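Visitor: In case you want the letters, here they are:
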Amino acid sequence: MSKFGISAVVMLMALFIDGAGAQELLQSPARIAEPPAPSAGSQFINPPARPTQPASVGDTPLGLGEVLDLKTVLSLATQNNPTLRQARLQISAELAKAQQAGLYPNPTLAYAGEQIFVDVEGDTDSPGEFQGGIISQRIVTAGKLSLSREKYLRRAHVTEHLAVAQQYRVCNDVRIHFYRALAAQQRLEMQRELLKTAEDAAVTARELYNVGQANRYDVRKSNVMLQRTRLAVQKAEHEYRMRFRELTSLVGLDLPVGAVVGTLATTEPLATFDGTLARIVAESPEVLAARAKLSADRITIEREEVEWIPDIVFSAGTGYNFDARETVAVADISIEIPLFDRNQGTISQARADFNRQRREVRRTELTLRQRLAMVYEQYAMSFEHASEYRDSIVPEMRAAYRELLSSYKQNRIEWREVLQAQAEYAEVRLAQISYEEQLRQSEVLIQGYLLDGGLNAASGPMPAGHIDSVPKPR
Amino acid sequence: MRYEKETKLLQSAGRREFITKGAIAAATGVTAAMLASAATAQEAMKMPHAHGHSQKPIGSRNAKPSIPAGTDVREEYDGYSRFKPGRGNDPDSDYYLGKLVPGFRKTEDGPAPFVAPDLEKLPWEMVNGAKEFHLVPMAVEREFHPGVKMNVYGYNGSMPGPTIEVNQGDRVRIVVTNELPEDTFVHWHGFELPVQYDGAATLNQEPIKPGRTFVYEFDVHEEGTFFYHSHVAMQEAFGQVGWFIVHPKKVFDPPVDRDFGLIFQNFFVGPNQTVSDSWSMDWNWHTINGRSGPYTTPLVCKHGERVRVRLLNFAPMQHHPIHMHGHTFWVTGHEGARVPKSAWIPRNNELVGVAQASDFEFVANNPGDWIFHCHMVHHMMNHMTKQVGPRIRQASVDRYLANLDNRPSVEAAQRAGFNTPGYPQKMMGMSMSEEDMKIYWGRREVQGMRANYLMAVKGLMTVMRVLPDDLYELVMETDQPIEKGAVFSEIVRRFGDPDHYEPAPKHEMMSMDG
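As you go down the protein sequences, you meet chains A and B in turn. Each residue of the first sequence is one higher than the last, beginning at 1 in my numbering. Each residue of the second sequence is one higher than the last, beginning at 1 in my numbering.
Hints in this document: simulated from the structure, not taken from any laboratory. No experiment lies behind these values; they were computed from the predicted model shown. Take the hints with a grain of salt, since some may be wrong.
Claimed, not checked - Under the rule of at most 27 angstroms between Cα atoms (straight-line distance), these lysine-lysine pairs were calculated in the BS3-like manner:
#	chain 1	residue 1	chain 2	residue 2
1	B	K149	A	K409
2	B	K506	A	K409
3	B	K386	A	K196
4	A	K221	A	K235
5	B	K84	B	K64
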């Protein structure tokens, strides 16, 4: 019999022996009386508590730095952005190459001893038939040096255009990031407006709860909205810090997060695509640099075409002839015979480079067209939106908000509708800020020849992969 | 429209002339009556109290309730006094609760003039043996409150339309010229007339096209309380109704001194909107004779008079339990016909259904300002809105209006009252401009009422003022300025308990105390 079976038998016996005791055994153990949990709707329960401020990462407090305007940040960037200095050094480097390429070859001074130990009269091991100094000079023909200098001067001209492009890159990027920071700052202000409305909605929900016009669900929902709005404010603060730091990075300074001041909305008239493209193709520093490079490549061909014309090397010297026992002179003239190497390969390469560069000009134009197509879409869309938000949507919503405030004042509507209108008014202003920001960015790019990337290294005149096969600049 | 303006001008000029002449005549008569009836002084009346906290006594300090000279009515019938509250001795008595207690007016003088406050009467002229009226359905602007002009439909420039008043047995011809931009019909509610003139849309007649005229003509063999209205549902809901009162050949017995008419209506008018939404299933504006409380004009009668109030509920879909304070009235008729006396019912509250009318009669034996209102809570407050927000936080909305782009922060800490579930229940807010106050208080009918009167009368509310003769004369028949609360205090002094009366602050108006 199992243990369970034995226990059961004992219990049955006990039942017969003592009925009263058995009765006690059948009773369930006494429970600890717990107060019933209050249930919503059965008795008044205070509304749920308002949530506390959400945790923050404790980043740098806002507003410690200076107040910057666009003019100031552009001025600071001009002084401190390293890529502008890089661009200027690119010009210097090309000018130095030009100087180097045009320098005339140095004369050669040599000491010569010939026929040493030749037997001469009276001396079987004479110091030599000739012992003396020789000076030689290469005469450069066909204007090679001036062509080389001209070539590098033209490349320096390319770097000048590229420096202008870099200037645009930096200034455009500074402008774009300034407007981004300005927009972020305004978005933060709007989020703070929304927060005030969310706080009011939470208070209102409690007021409604107290008069039976809202339940705990409504109050909790208002708490959720309040907390989400608080987080939205924190997010907006983080975004602003990011934008400000991006801006100061472009400026080239490590400034504490301050404030920006300026006007986000633009008053510039709408530019057409065709007009903009024509202007950019005609004036873009990138196109100008490509054309300048084409010019340099043309000179390169000219330069290489004269390379095969031999230079003349003259040598002259004087020494003592131990055979003749008298002072003698030597003279030499040499010239390379372009029998096999007429520089035909390099000429061919230079011509190919020239033709390649012709396509590079066209490629640059088409790239600009393609980039403009993308930027213009943003520009046109944001222009339309910013205009409508400025002229119609925001004023209408503002008027609608005013109407509801007046209605509330006259006891015609309830406060929740006003709060809704407040939130909608803040939201359309938020949207307006975003469209104005987009418009500013695309406008800056359109006016600034589509150049951005103010911290990209300043580029040189030679495209990647270009073969500069001659060690000495020429 | 020109017709409408001319009619209004004529009517307003005539009314003023009537008031002035009537006041002189009445003043003379009242003075004579007071002198004549000094002997009938009411015992219960108290003399001015020396230590009362009310305002200075006004009126005739020795005035007593009086019975006009030349009438054979009495002060008391079977223990029922026309000058003090009471029921009489026997519920089976003809005079119980003043049931058949006659007014001062003699039966042979004909019916008492019918007065619908704030509404004009439609003029007529006898043409070819019929009283010819010209009725013009049109869009009108009605001032529900001072400066609050709502767009509704009505007749002859008025909503409700002007009152048609005839005698039993008259032949009437109503020339209806439609100035609405849409078809209309006019139904003569309750009349047993030839079917072609019944006005039921297209069942009986072709529509009256815009700009066209239709002539209704019939004999009136009925008597009692009738009305006319458009028989297009939306036009009805948009306000098109008016009184059609038929005085009996044999004046109703007992005769009344006052015959008032009140048309209750309601509308839905959205926030910042003036056009009524007749399609709405909800109603937020309530009017009596085209005005909302406190702009409704009080009904003023004299102490001891027999008064009839005809009340029509022309709300689109809501019934009205009508309550009058301070008196028990007899329901003596409905829109169908005068009720036989054996079926009259004494009431304090009468439920008046949609498109029903009820006639109330009572003897004004309890002086004072008695509120007369629909008892539905929603109807006692016009265009109700939820109480939350700045209104209960004592924060002016002007702060928000001052800078729309940067709203004020809200105070998170709530007031101590919020520890009590249900707080706040009191209506808060509601401001009135000085100009509005002047208009409200500029009416003679409200002179001497308590300064807080405007706070008390909202929506479907008006006031039945029962005034001793001298105060009636002062209020209604003179142009004398009367201090706010002075008449009320005087009534308390004479008929109430002045030791325990506190006058209202003179300039308090819709305070936001919570």
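Visitor: Determine for every hint whether it applies to the structure shown.
Guide: Structure-based check of all given hints:
Our distance criterion of 27 angstroms between C-alpha atoms is met by K149 of chain B and K409 of chain A, whose separation comes to about 18 angstroms. For the hint pairing K506 of chain B with K409 of chain A, the CA-to-CA distance comes to about 24 angstroms; that is within 27 angstroms, so the pair holds. Between K386 of chain B and K196 of chain A, the direct Cα distance comes to roughly 21 angstroms. Compliance with the 27 angstroms bound is thereby established for this hinted pair. Distance restraint check for K221 of chain A and K235 of chain A: the Cα-Cα separation of roughly 21 angstroms lies within the 27 angstroms cut-off, and the hinted pair is therefore satisfied.
Note on K84 of chain B and K64 of chain B: the hinted pairing holds, with a Cα-Cα distance of about 12 angstroms set against a maximum of 27 angstroms.
Checked against the numbered hints above, the structure violates none of them.
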